Amino acid sequence: MTQLSTPECCTVPPIESRYTPKGITQEVNGVICYVVGDQTATRAIVAIYDIFGFHSSSEQGADILAALTGCRVYIPDLFDGKPLPLDTIPADTQEKQTRMSSCKTRATDQVFTGLGNPIHYSELLTSFGRYLISQGFASVGLYGLCWGSKPAAIVSSDGTPYSALVLIHPSLLEPEDAKKIAIPTANFTSSQEDNDVIRAFNAEAKSNPSIGSTFITYHYPDAHHGFAGARANLDDNSLRASFQDVYQRTAKFLLQHLA
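In full-length UniProt numbering, the protein residues as written are 1 to 259.
Read the hints as simulated data drawn from the structure, not as lab findings.
Remember, predicted model here, so these are calculated numbers, not experimental data.
Cross-link-like lysine-lysine pairs, in silico, DSS-like; alpha carbons within 25 Å at most:
hint: 1; residue 1: Lys180; residue 2: Lys206
hint: 2; residue 1: Lys22; residue 2: Lys252
hint: 3; residue 1: Lys82; residue 2: Lys22
The calculated label-pair distances, taken between Cβ atoms and stated as ranges, are:
hint: 4; residue 1: His219; residue 2: Gly30; range: 29 to 39 Å
hint: 5; residue 1: Gln192; residue 2: Arg18; range: 24 to 34 Å
hint: 6; residue 1: Asn195; residue 2: Ser134; range: 40 to 50 Å
hint: 7; residue 1: Gln135; residue 2: Gln94; range: 43 to 53 Å
hint: 8; residue 1: Pro221; residue 2: Gly30; range: 40 to 50 Å
hint: 9; residue 1: Lys179; residue 2: Ala259; range: 21 to 31 Å
hint: 10; residue 1: Gln94; residue 2: Thr42; range: 50 to 60 Å
hint: 11; residue 1: Ile32; residue 2: Ser134; range: 16 to 26 Å
hint: 12; residue 1: Asp235; residue 2: Pro209; range: 36 to 46 Å
hint: 13; residue 1: Ile133; residue 2: Glu27; range: 11 to 21 Å
hint: 14; residue 1: Ala203; residue 2: Thr93; range: 33 to 43 Å
We put the CB at the ideal spot given by N, CA and C, even for glycine.
With the hints as constraints, model all of the structure from the sequences given.
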């Protein structure tokens, strides 16, 4: 795949299938976070993980972005340590379906019962971004993985504290979401999203006068949904290359739009 670089984004750390995250766990504005990157950084990035919560592969992605951009990167624990167990999906057996229906984590509430759905995180994420700016960051970027793309899109409307948005193999997006986004946006998709929904979302984004001129897309036809998050398969050469590429593209886009 094409290798991307900017003056601040010249090399990509090697991708590791057995990975020890480089960041720390820290409470930030009342939220437990995974935090990585230069403590003297003037710009920040907030990541919203997928429904499986913290995972070494999504943390590796944050570490890569910190290295490529020089930004301080934060992953807030929206699920309070209770994500959906990774082995529950796909719910393709009776045993898994039983576990799914009986699982009362906040993560399952958000997708499967409608309680605490992504819109309920608007206030927390808006407050989090404003807090980072109050701490001296000149600008804050935002990206979401899978489920995380939905709350990321919701909080990127008028008045958002965030300056740029990246959606990575997004879930739950609707074309209507694109009409409300007010900051430069990139949409990086995999082979398994609903093509009709993605096409309609992209069309609305391009027609949105606030973001149309800066909106970009990139499609990974050989990568599965979740390839950049908890479901990453970094033992596969092709998927590892896609993982590396999507974080390069994310770094380049955010650097272009963070002051």
